[in-house]
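Asker: Start from the sequences, fold in the hints, and give me the full structure.
Next come the chains, spelled out residue by residue.
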Amino acid sequence: MKRYLLAYAVVFFLSLFVGRFTFSPLDMGEIEKTILLDVRLPRIVAASLLGASLSLAGLSFQNLFKNHLAGPNLLGVTSGAAFGAVLAILIFTFNPYLVQGLSFLFGLVAVLIAWKLSRLVGSGTVGLILAGIAVSAFFSALVGMAKYLADPYDKLPTIVFWLLGSFAGIRWTDIRFFSVPLVVSILGIILLRWPLNILSLGDEEAKGLGLNVPFYRRLIIGLAALGVSASTAIAGMISWVGLVSPHIARLLVGHDNRALVPASALVGASLLLICDDLARTLTPAELPLGVVTSLVGAPILVAILARRRYHVAR
Amino acid sequence: MRKALGLLVVFILVFGVVASGCINGSENASMGISTAPSSQTSSISAQSSGVVLTLVGPNGEKKELTLDDLKKLPQTEGKGGLKTKTGTIKNVGTYRGVSLEELVKLVNGLSGDYHYVITAADGYSVSVDYDFLQGNGIDTMDENGNSVSGNVMPILAYEFNGGPIEFELDGEVYPLELALVSEKGYVTPGNFWVKAVVKIEVVKASTGSSSGAQTTGYVTVQDFRNRTVKVKQPVERIVSLYGLATQMVYLLGDGQKVLGSTPLAMNDGFIQLIDPEVKNRMVFVGSPKSANIETVKELNPDVVFTAAWGDERLNEGIETLGIPVIALDLETVDNYLKSLEIMGKVLGKEERAKEAVEYYRNALKVVTEGTASLSEGGRPRVLLVMYSMKSKAFKVPGQDYFQNRLIEMAGGISVSKELPGGWNVVNVEQIASWDPDIIIVVSYSLQYPSTKVKEDIMNDPAWQGIRAVKEGKIYAMPNDGESWDYPAPKWILGLYWTAKVLHPELFSDLDIEKEANDLYERFYGLSIEDVTIVGDMP
Amino acid sequence: MLLVEGLEFSYQNGKVLEGVGFSLESGIGCLLGPNGAGKSTLIKCIAGVLQPTAGRIELNGASLLSMGFRERSKLVSYAPQEFGISFPYTVFEVVLMGRNPHVNPLEGPGEDDEEKAWKALEALGITDLAEKPFTNLSGGQKRLILIARALAQEGELLLFDEPTSFLDFRNQHLVLSVIGGLAKDLGKLVLVSLHDPNQALLFCDTVFLMREGKVVASGRAEDVVTGENLEALYGVGVRLIEVDGLRFVVPEKDETGLNLNSSCGGRYR
Numbered sequence: 001m002k003r004y005l006l007a008y009a010v011v012f013f014l015s016l017f018v019g020r021f022t023f024s025p026l027d028m029g030e031i032e033k034t035i036l037l038d039v040r041l042p043r044i045v046a047a048s049l050l051g052a053s054l055s056l057a058g059l060s061f062q063n064l065f066k067n068h069l070a071g072p073n074l075l076g077v078t079s080g081a082a083f084g085a086v087l088a089i090l091i092f093t094f095n096p097y098l099v100q101g102l103s104f105l106f107g108l109v110a111v112l113i114a115w116k117l118s119r120l121v122g123s124g125t126v127g128l129i130l131a132g133i134a135v136s137a138f139f140s141a142l143v144g145m146a147k148y149l150a151d152p153y154d155k156l157p158t159i160v161f162w163l164l165g166s167f168a169g170i171r172w173t174d175i176r177f178f179s180v181p182l183v184v185s186i187l188g189i190i191l192l193r194w195p196l197n198i199l200s201l202g203d204e205e206a207k208g209l210g211l212n213v214p215f216y217r218r219l220i221i222g223l224a225a226l227g228v229s230a231s232t233a234i235a236g237m238i239s240w241v242g243l244v245s246p247h248i249a250r251l252l253v254g255h256d257n258r259a260l261v262p263a264s265a266l267v268g269a270s271l272l273l274i275c276d277d278l279a280r281t282l283t284p285a286e287l288p289l290g291v292v293t294s295l296v297g298a299p300i301l302v303a304i305l306a307r308r309r310y311h312v313a314r
Numbered sequence: 001m002r003k004a005l006g007l008l009v010v011f012i013l014v015f016g017v018v019a020s021g022c023i024n025g026s027e028n029a030s031m032g033i034s035t036a037p038s039s040q041t042s043s044i045s046a047q048s049s050g051v052v053l054t055l056v057g058p059n060g061e062k063k064e065l066t067l068d069d070l071k072k073l074p075q076t077e078g079k080g081g082l083k084t085k086t087g088t089i090k091n092v093g094t095y096r097g098v099s100l101e102e103l104v105k106l107v108n109g110l111s112g113d114y115h116y117v118i119t120a121a122d123g124y125s126v127s128v129d130y131d132f133l134q135g136n137g138i139d140t141m142d143e144n145g146n147s148v149s150g151n152v153m154p155i156l157a158y159e160f161n162g163g164p165i166e167f168e169l170d171g172e173v174y175p176l177e178l179a180l181v182s183e184k185g186y187v188t189p190g191n192f193w194v195k196a197v198v199k200i201e202v203v204k205a206s207t208g209s210s211s212g213a214q215t216t217g218y219v220t221v222q223d224f225r226n227r228t229v230k231v232k233q234p235v236e237r238i239v240s241l242y243g244l245a246t247q248m249v250y251l252l253g254d255g256q257k258v259l260g261s262t263p264l265a266m267n268d269g270f271i272q273l274i275d276p277e278v279k280n281r282m283v284f285v286g287s288p289k290s291a292n293i294e295t296v297k298e299l300n301p302d303v304v305f306t307a308a309w310g311d312e313r314l315n316e317g318i319e320t321l322g323i324p325v326i327a328l329d330l331e332t333v334d335n336y337l338k339s340l341e342i343m344g345k346v347l348g349k350e351e352r353a354k355e356a357v358e359y360y361r362n363a364l365k366v367v368t369e370g371t372a373s374l375s376e377g378g379r380p381r382v383l384l385v386m387y388s389m390k391s392k393a394f395k396v397p398g399q400d401y402f403q404n405r406l407i408e409m410a411g412g413i414s415v416s417k418e419l420p421g422g423w424n425v426v427n428v429e430q431i432a433s434w435d436p437d438i439i440i441v442v443s444y445s446l447q448y449p450s451t452k453v454k455e456d457i458m459n460d461p462a463w464q465g466i467r468a469v470k471e472g473k474i475y476a477m478p479n480d481g482e483s484w485d486y487p488a489p490k491w492i493l494g495l496y497w498t499a500k501v502l503h504p505e506l507f508s509d510l511d512i513e514k515e516a517n518d519l520y521e522r523f524y525g526l527s528i529e530d531v532t533i534v535g536d537m538p
Numbered sequence: 001m002l003l004v005e006g007l008e009f010s011y012q013n014g015k016v017l018e019g020v021g022f023s024l025e026s027g028i029g030c031l032l033g034p035n036g037a038g039k040s041t042l043i044k045c046i047a048g049v050l051q052p053t054a055g056r057i058e059l060n061g062a063s064l065l066s067m068g069f070r071e072r073s074k075l076v077s078y079a080p081q082e083f084g085i086s087f088p089y090t091v092f093e094v095v096l097m098g099r100n101p102h103v104n105p106l107e108g109p110g111e112d113d114e115e116k117a118w119k120a121l122e123a124l125g126i127t128d129l130a131e132k133p134f135t136n137l138s139g140g141q142k143r144l145i146l147i148a149r150a151l152a153q154e155g156e157l158l159l160f161d162e163p164t165s166f167l168d169f170r171n172q173h174l175v176l177s178v179i180g181g182l183a184k185d186l187g188k189l190v191l192v193s194l195h196d197p198n199q200a201l202l203f204c205d206t207v208f209l210m211r212e213g214k215v216v217a218s219g220r221a222e223d224v225v226t227g228e229n230l231e232a233l234y235g236v237g238v239r240l241i242e243v244d245g246l247r248f249v250v251p252e253k254d255e256t257g258l259n260l261n262s263s264c265g266g267r268y269r
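Note that the protein sequences, when read in sequence, are chains A, B and C. If you read the first sequence in our numbering, its first letter stands for residue 1, the second for the next number, and so on. If you read the second sequence in our numbering, its first letter stands for residue 1, the second for the next number, and so on. If you read the third sequence in our numbering, its first letter stands for residue 1, the second for the next number, and so on.
No lab work stands behind these hints: they were computed from the structure. Fair warning: there could be bad hints in the mix.
In silico lysine-lysine, DSS-like type, Cα no more than 27 Å apart, as pairs [said to hold, decoys possible]:
hint : chain 1 : residue 1 : chain 2 : residue 2
1    : A       : K155      : B       : K279
2    : B       : K232      : B       : K289
3    : B       : K470      : A       : K33
4    : A       : K147      : B       : K279
5    : B       : K417      : B       : K184
6    : B       : K204      : B       : K63
7    : B       : K289      : A       : K147
8    : B       : K417      : A       : K155
9    : C       : K132      : A       : K66
10   : B       : K514      : B       : K452
11   : B       : K365      : B       : K349
12   : B       : K289      : A       : K155
13   : B       : K452      : A       : K33
14   : C       : K116      : C       : K188
15   : B       : K470      : B       : K417
16   : B       : K257      : B       : K279
17   : B       : K345      : B       : K297
18   : B       : K72       : B       : K184
19   : B       : K289      : B       : K345
20   : B       : K232      : B       : K345
21   : B       : K473      : A       : K33
22   : B       : K279      : B       : K349
23   : C       : K74       : A       : K66
24   : B       : K297      : A       : K147
25   : C       : K188      : C       : K74
26   : B       : K232      : B       : K349
27   : C       : K74       : C       : K119
28   : B       : K452      : A       : K155
29   : C       : K132      : A       : K2
Here are the in silico distance ranges between beta carbons for each label pair [stated by the list, open to error]:
hint : chain 1 : residue 1 : chain 2 : residue 2 : range
30   : A       : I91       : B       : D530      : 27 to 37 Å
31   : C       : G110      : A       : F177      : 32 to 42 Å
32   : A       : A9        : C       : E114      : 28 to 38 Å
These numbers were taken from a predicted model, which means no experiment stands behind them. The C-beta atom is built at its ideal place from N, Cα and C for all residues, glycine as well.
Answerer: Right, here's the structure in full:
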């Protein structure tokens, strides 16, 4: 694990000195310092926290639902959060804090709705997945509707850009509030990595092994939802990182969550950090983050799937 | 039974495919005329002894010319090329022929009162005005298709790169092409390069149609899709899918006739000032790319204005309901003025439109003459920013947008003009890297006006290190309900303002407030005291 | 000692267990009965996987139903019929997971736990499989590993739900011998469910016949597994044979094939 921590630290450090405004670390005047501390650093911190959080959420869902293709949006959190933000953009213009707030709120609301629905649909994990699909589709449809109603000169491009995800303009004030749910989510899931192992055996076996399955499942889903909601509120919809990072981490450390959970967090943080470095440096205009993560993530996923030596049982 | 049904389906499918193929293609290109002038001699003998061009004067007098006749007239030679709708640059080379001016002189047709219909062998025709003959109002581009300012001369060419021009149609060969040439070889839009020209008619402008009838109660105009559109007079009910066009209607004084438009117009503070009923009256109809045709029909308009970049299928849909559609392009100065003229004609407000065009042209002259003498070094590097609705993220205009042209005309260089498309999000690092001399802040909402954006920028520690902010060279673009930087009628005030901001010494006697008052009075019947303007006044 | 009384359980479509009652003092108990009798459901209720709607379950005097998950799993080890593991954990990791009830959830297993897991592997003689991914192994090996896990869990009562399913002839006997060994050598209380009467006779001390959600007969294996009872239970005519002191059940055949009684539910003795 120390190795991976070191690798992440290297990425972190390098990211500090990458950007459109080039300068040497030895020759830093006033504006260079401001850019480093006030512009790049908060962005790097945000990217790391988000990458770790999304990755852990993806990993948690992959374990809970025994599905390798689960990502952070399985229960509709991201779609709900997206809708919250879009609603704010449409109705309350020019208040970015409201956009973030509503986004966070609706992300949690979506999970709650999925939870309640799952009781109707069926018990256990299958019910949750089905309810999550329904909730996700519902909020995505609402987002689509909002795009249609938005005027094409100002609100629509704003919505589209927001949906594609971006860290543009992130400063310390934005992170201050959301760092709390993010850190809680990340630490929480890391602490619960052993029960996650047990949960991944399936409801019955986990109960047989003495785990209070309903309690831990709710807890982990709640922590994951906190993290994903906060992530989406800050930076919009970021795809692929939550899905691909756990797989990369698996290739490095295997399946035991005791090592896999912290490794996933580090891989997720590094991956998103690299993607954001690209998004803010390659061209004068900011590339939407969701585009970069997809372009980077999809080939990685294919490479991983091609290399897989193990196969899923049954 | 099933088999018969299956055959019926197949038949319908095949029929549909064939029919759609036949219905398309009313353009020049699909009628079998080769698209490049060939310089080889064809097997059909050149018709230098036969009539190649018919000229029709304003009173109907005809004159027929042979190729030899043409060669005896004053010749014009120059370089040019065309840019197709899809963006390809072709047929670049040297053309030789007779200028249109010379030709119409032969039938006493050279006057601002006339316009000219140029017809090709397949029936295709374009209508151009006196301005066009002088080479005005034409988009000029460099060999890569990027807009540059320049002058071209329209000629009827018979020679391309030293060899004769030959267009084949139905076994006949036609040697004439309408070409736009210049010394520098500017590229121009392909829709003017009419192939196989056979007739030029001089038509009196007030009739508006080549048949000369004045009593039909229609006007005919050509819009930016190059379609000839007939609009019944008088126009009392208007629907505008293009917000900027709505603002233009208000400029011409017919704003109250607009029944349906877009959120841009419906939330426009300035329009609300001059037309307080607007929110009750105007209905949301959609945009140039997508609109509810039924809503449009319900409003029963006499004409629909849309953008040249709109969805053609939507336009056709509206037209099949019997409502004329006029597509306008407002993103360059020339096209803006042209649109003004077209709209003036359609609304029966030609005088007013003419007045407006003159006003704009004069204002332009004042600014461009002032800045013409500026060297490259004398032009400051300007950054125009807009708040992006994401905290502390800003947008800058890319190459497609009007703001960059505005800056250029005012004697500056826009740092963001290389970026693609419209608004691009940039972060403060990139701005530091650009290191602009002057920053102009714009905002399109009075809830978060440009002055507030400027304040936030100046208080932001990351921006404080940027030279332009340190030197205090940051200015808030005025907004009187409409921001002065985009192609609303007030852009001319934006031009004045920008020129003064960029070059205060050159325009020291330019009083922005006076000019604004002038415009308000002339076109809107307001004085400057009636209007709330938010922004910096230099 | 395991005591079950008046146990009832229903799924949505109907009652599965109706007033089940039996007791197991020591050694290996076997639930024997046809498909759908409720054997799995009963075992799951005892294991805490399912929550019965009525009844009592007591182990050595302590009521299992009133215990929390963790407490109960310290006493009761459960190996399910199906292999629910979908990630390729190593064999060692799988067995280690058996230590969960004894482990602090925030800390995970310690050295102590790892030693016990290793010992469980040794007890079953499968230490050579320790690093192999679970999902790549054969059915028999997987079964043994689950037994090791149940062993590592250190429960007083070991529950095995149909441990012979999916196994070939040899592996079935291997698994049952190992289970038998656990009971004898380690003195654990074991309850298995089987549907082959011969296996019940060979390996189990006490047999409980189950049919349609009830225990219809209980007692020593040789007393309960009789021709009459089996005929009544399965509707198949059987004969009992003794060879070398061992009893075997053999289905009876007449001219038409197996002697299948159309009427089940005769008297049980």
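Asker: Tell me if the straight-line CA distance from B/K232 to B/K349 falls inside 27 Å.
Answerer: holds (14 Å)
Asker: So if I understand the rule, the pair passes when the alpha-carbon distance is 27 Å or less; does B/K289 with B/K345 pass?
Answerer: holds (25 Å)
Asker: Does the alpha-carbon distance linking B/K279 and B/K349 stay inside the 27 Å limit?
Answerer: Judged against 27 Å, a Cα distance of about 25 Å means the pair holds.
Asker: Check whether the Cα positions of B/K257 and B/K279 lie no farther apart than 27 Å.
Answerer: holds (13 Å)
Asker: Is the straight-line distance between the alpha-carbon of B/K232 and that of B/K289 27 Å or less?
Answerer: Holds, at about 25 Å.
Asker: Check whether the Cα positions of A/K155 and B/K279 lie no farther apart than 27 Å.
Answerer: OK: A/K155 and B/K279 at ~19 Å, within 27 Å.
Asker: Has the given pair, B/K452 with A/K155, been kept, meaning a C-alpha gap of at most 27 Å?
Answerer: holds (19 Å)
Asker: Is the gap between the beta carbons of C/G110 and A/F177 within 32 to 42 Å?
Answerer: holds (38 Å)
Asker: Hint check: B/K289 vs A/K155, CA-CA at most 27 Å. Holds or violated?
Answerer: Measuring from Cα to Cα gives roughly 16 Å; hence the hint holds.
Asker: Is B/K470 within 27 Å of B/K417, Cα to Cα?
Answerer: It holds: about 24 Å lies between the C-alpha atoms, which stays within 27 Å.
Asker: Does B/K184 lie within 27 Å of B/K417 when you go C-alpha to C-alpha?
Answerer: holds (23 Å)
Asker: Given the hinted pair B/K232 and B/K345, is their alpha-carbon gap at most 27 Å?
Answerer: holds (11 Å)
Hint check: no violations occur; every hint is consistent with the structure.
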